[in-house]
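Novice: Okay, here's what each chain looks like letter by letter:
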Amino acid sequence: MLLVKKNISICFKILLLIGFGYFFWLMLKITLEYIPLDPNVSFLMIKQTEVHERPEYLPFFYTHVYTSIFVLLSGFLAILRKNFGVKNFHRTAGKVYIFLILICAAPSGIYMGIFANGGILSKISFVVLGALWWFTTYKAYQLARQKRFAEHKHWMWRSFTLTLSAVTLRIWKVIIVYLFHPNPMDVYQIIAWLGWIPNILLIEYLISKKHI
Amino acid sequence: MKILHYTLVSLLAVSLVSCKKDGKTDGKTKDSLTAKRDSAVIPEVHKEYYGIYTGEFAGMEKMTDDDGSEFDGTVYKRISLKINRITEDSVYGQSIVNGNQRPIRGIFNETSKSFVLDEPGNDKTDGRFEVKLAGDSMTGKWNAFNKKAVKAPLKTIKLAKKEFVYNPNFMLDPDSNLVDWSNPKDFVEKYTDSDGKAESYTISKNRVASEAVFTLNASKQKLAEKDIKNLRKLDLEIIKNSVFARHGYSFKKETYRNFFEQTDWYIPVSGNVDKDLSPMEKENVALLNRFIKYAEDKYDSFGR
Chain F
1 MLLVKKNISI CFKILLLIGF GYFFWLMLKI TLEYIPLDPN VSFLMIKQTE VHERPEYLPF
61 FYTHVYTSIF VLLSGFLAIL RKNFGVKNFH RTAGKVYIFL ILICAAPSGI YMGIFANGGI
121 LSKISFVVLG ALWWFTTYKA YQLARQKRFA EHKHWMWRSF TLTLSAVTLR IWKVIIVYLF
181 HPNPMDVYQI IAWLGWIPNI LLIEYLISKK HI
Chain C
213 MKILHYTLVS LLAVSLVSCK KDGKTDGKTK DSLTAKRDSA VIPEVHKEYY GIYTGEFAGM
273 EKMTDDDGSE FDGTVYKRIS LKINRITEDS VYGQSIVNGN QRPIRGIFNE TSKSFVLDEP
333 GNDKTDGRFE VKLAGDSMTG KWNAFNKKAV KAPLKTIKLA KKEFVYNPNF MLDPDSNLVD
393 WSNPKDFVEK YTDSDGKAES YTISKNRVAS EAVFTLNASK QKLAEKDIKN LRKLDLEIIK
453 NSVFARHGYS FKKETYRNFF EQTDWYIPVS GNVDKDLSPM EKENVALLNR FIKYAEDKYD
513 SFGR
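Protein sequence lines correspond, in order, to chains F and C. Position 157, counted from 1, in the first sequence is what my numbering calls 157; the numbers after and before it change by one each time, with no gaps. Count along the second sequence from 1, then add 212; that gives the number in my numbering.
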């Protein structure tokens, strides 16, 4: 019986690994659209007002795009909580994850949130998301330094589920457009919230049920 | 050395011949231009008939019904005939239909007030117009030179003389049909029948434009990104092509013909109006093109 349970859990882990690999690949492709540097490509095609009126927009944008892909990868490697025979692997991956978010990805994300597409509703969502992202990551960092690892783990999961909102919001977008064909900015407003609220609710549930 | 010399000579000869050829074809296609240059010599007659005659161009075509059976149906297109010059023995003009602008040349019979006008004949859709004037209206028929090459080799023509004027205020009529009938998309839908068996069927859906096409005028106002951000691709395309329609562009795409032919102001007069656009219109078109591309690339894909 124990063996069956173990097998199921291994299968589940492999599925998660494949799933993450697939979506990481998609995110990497999106990131690579911005290489070489072109201020009028992809998402920036509909952001020319900001690009022209705010000289700081592009630096923030590129900071967010280029660091976030490493945040996603290092976060995934750290959340596995294994060293894979490499000394301090978990610690190093975790440090990369935390500092990239605290210094680069979250502040630039909050800045971009202020100018988000889809009006005040999506602006609020992205700014709150960015602030929570920074805060949960900072909290996780503090707890690790204080060696309170059980709580560190909880906050790390909160932080990482917000990181994964980058993936989930794009999945929701594909689903919603496929089902309802709404206007582009209406999709934006919906996925701005749908991208991270269910994620954080799920993690809070798992934490309260002591699954994490 | 000698060989090189010969090669050079023969190369020169070849290039000379090809130059000559170019010159010849040039002369052929620019008939109306040459005619203008000669105008001092050959007197023009009946200038009162010069102008643009626009209206319907109707032919019977084989169509397929929903159940697959074939039947003959009339297909209406909008055509413009331009009469540019009439002399004792020749008439020069242009025919414009479906974005295909062709020079026409022929004769005018004064007593019967009728024209016989031929398209050049080097395109498979070329043919002969035989039309008669009655006041400001022009009626008659068109026969394809190559009866096998076109769907409807015989077409009837009903035109009225119209003055083409560019007016930035022209918009689609608010009671226009906003369905794009020419680009149906197939969707597979699933349902579970009463026995609990899952079945799927295919239905085709048509795109529908929004009310925004009645309010946003890219010929009158400088559009900003925020004005058009929430629009679907079809809206963006119509707002953009309204600019071209106002300048008399003859659309190759059926979608746009169907939308603009619902108005009475749309007169297709040219297959290329790029140089007629105002600087603001050009800027708006560039902006709209960017959003159309974004809508194509990103609207339904994994990304932003």
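Simulated from the structure, these hints should not be mistaken for lab results. Treat the hints with caution; some may be incorrect.
Some but not every residue of chain C turned toward chain F, in silico, with C-beta under 7 angstroms [to be verified]:
#, residue
1, Lys374
2, Glu375
3, Phe376
4, Ala498
5, Asn501
6, Arg502
Looking from chain F toward chain C, a few residues come up when the C-beta cut is under 7 angstroms (computed) [unchecked claim]:
#, residue
7, Leu28
8, Met45
9, Val177
10, Leu179
11, Asn183
Because the structure is a prediction, the values reported are computed rather than measured. Ideal Cβ placement from N, Cα and C applies to all residues, glycine included.
Novice: Evaluate each hint against the coordinates.
Specialist: Status of the hints after comparison with the structure:
{"no.": "1", "hint": "Lys374", "verdict": "violated, 37 angstroms"}
{"no.": "2", "hint": "Glu375", "verdict": "violated, 39 angstroms"}
{"no.": "3", "hint": "Phe376", "verdict": "violated, 35 angstroms"}
{"no.": "4", "hint": "Ala498", "verdict": "violated, 10 angstroms"}
{"no.": "5", "hint": "Asn501", "verdict": "violated, 10 angstroms"}
{"no.": "6", "hint": "Arg502", "verdict": "holds, 5 angstroms"}
{"no.": "7", "hint": "Leu28", "verdict": "violated, 12 angstroms"}
{"no.": "8", "hint": "Met45", "verdict": "holds, 4 angstroms"}
{"no.": "9", "hint": "Val177", "verdict": "holds, 5 angstroms"}
{"no.": "10", "hint": "Leu179", "verdict": "violated, 11 angstroms"}
{"no.": "11", "hint": "Asn183", "verdict": "holds, 5 angstroms"}
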